[in-house]
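J.: Position chain B against the provided structure of chain A, taking the given hints into account.
Given next are the chains, with one letter for each unit.
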Amino acid sequence: GQNIDQPTEMTATEGAIVQINCTYQTSGFNGLFWYQQHAGEAPTFLSYNVLDGLEEKGRFSSFLSRSKGYSYLLLKELQMKDSASYLCAVKSGDYKLSFGAGTTVTVRA
Amino acid sequence: IAGITQAPTSQILAAGRRMTLRCTQDMRHNAMYWYRQDLGLGLRLIHYSNTAGTTGKGEVPDGYSVSRANTDDFPLTLASAVPSQTSVYFCASSARTGGSDTQYFGPGTRLTVL
Chain A
363 GQNIDQPTEM TATEGAIVQI NCTYQTSGFN GLFWYQQHAG EAPTFLSYNV
413 LDGLEEKGRF SSFLSRSKGY SYLLLKELQM KDSASYLCAV KSGDYKLSFG
463 AGTTVTVRA
Chain B
64 IAGITQAPTS QILAAGRRMT LRCTQDMRHN AMYWYRQDLG LGLRLIHYSN
114 TAGTTGKGEV PDGYSVSRAN TDDFPLTLAS AVPSQTSVYF CASSARTGGS
164 DTQYFGPGTR LTVL
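Residue numbers (this note's numbering), protein chains in the order written: chain A, 363 to 471; chain B, 64 to 177.
Looking at chain A on its own, in the form it has when it is part of the complex (with noise of 0.2 angstroms):
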């Protein structure tokens, strides 16, 4: 099976920066996801990652090392919106999308 880590809970000010670690073991490793899920909300896409190194995408990026079986997703210039459930999501084989926990962040005045 998979095992995925991230942390639970995440507080940070507008205007700053918050990076979302997560940890994975996993075989057959086809590439990692990140969503977003607003409370009481569907998750929706943020990024994918299968090759190692940084994917930068307007005011959030995310990063994949492989060989370290890492990720994290960095949020820059919060915003109040920002607050959500971040699920980090791991992909083996074809079709088999494995879940963390994922991390509540909250963003502060």
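It should be emphasised that the hints constitute simulated quantities derived from the structure, not laboratory data.
Warning: the hint list may mix true and false statements.
Pairwise CB distance ranges, derived in the manner of DEER restraints [what the hints assert, rightly or not]:
1) B/142 - A/470: 41 to 49 angstroms
2) A/471 - B/132: 44 to 52 angstroms
3) B/119 - A/412: 19 to 27 angstroms
4) A/390 - B/132: 25 to 33 angstroms
5) B/74 - A/430: 38 to 46 angstroms
6) B/163 - A/383: 21 to 29 angstroms
7) B/125 - A/456: 22 to 30 angstroms
8) A/429 - B/145: 21 to 29 angstroms
9) A/430 - B/103: 24 to 32 angstroms
10) B/145 - A/471: 29 to 37 angstroms
Derived coverage of chain A by chain B (criterion: at least 3 residues anywhere in the stretch with Cβ under 8 angstroms from a Cβ of chain B; other residues may be distant) [what the hints assert, rightly or not]:
11) 398-412
12) 456-467
Ideal placement from N, C-alpha and C gives every residue a C-beta, glycine not left out.
T.: What follows is chain B alone, placed relative to chain A:
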């Protein structure tokens, strides 16, 4: 508007009753999935379908069944509901299975089994 719809939005169900959660997508995606989300456990895959006419078991399939008669619909049935099936259920779809293929989620069904 293209996307995934789920019905009902929420439901309270007596234990032992049969229940079907509906999922429809209009994106012509080949693959569809059912997950349950429980506090502290994250999303867990119940069943999936790579294409119409085929289905497969996920991580937690016991007590659930699915069918995929056509591309658009992927209903999830609880034959005899038990309280441990109280959860939020999300349907998802992707264009195909494969590494970079992104899964898109429906709005969810909140199910309470008493």
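J.: Hints first: check each against the structure and report whether it holds.
T.: Status of each hint after checking the structure:
{"no.": "1", "hint": "B/142 - A/470: 41 to 49 angstroms", "verdict": "holds, 46 angstroms"}
{"no.": "2", "hint": "A/471 - B/132: 44 to 52 angstroms", "verdict": "holds, 51 angstroms"}
{"no.": "3", "hint": "B/119 - A/412: 19 to 27 angstroms", "verdict": "holds, 23 angstroms"}
{"no.": "4", "hint": "A/390 - B/132: 25 to 33 angstroms", "verdict": "holds, 30 angstroms"}
{"no.": "5", "hint": "B/74 - A/430: 38 to 46 angstroms", "verdict": "holds, 43 angstroms"}
{"no.": "6", "hint": "B/163 - A/383: 21 to 29 angstroms", "verdict": "holds, 22 angstroms"}
{"no.": "7", "hint": "B/125 - A/456: 22 to 30 angstroms", "verdict": "holds, 23 angstroms"}
{"no.": "8", "hint": "A/429 - B/145: 21 to 29 angstroms", "verdict": "violated, 43 angstroms"}
{"no.": "9", "hint": "A/430 - B/103: 24 to 32 angstroms", "verdict": "holds, 25 angstroms"}
{"no.": "10", "hint": "B/145 - A/471: 29 to 37 angstroms", "verdict": "violated, 44 angstroms"}
{"no.": "11", "hint": "398-412", "verdict": "holds (count 7)"}
{"no.": "12", "hint": "456-467", "verdict": "holds (count 9)"}
The earlier numbered hints that this structure contradicts are 8 and 10.
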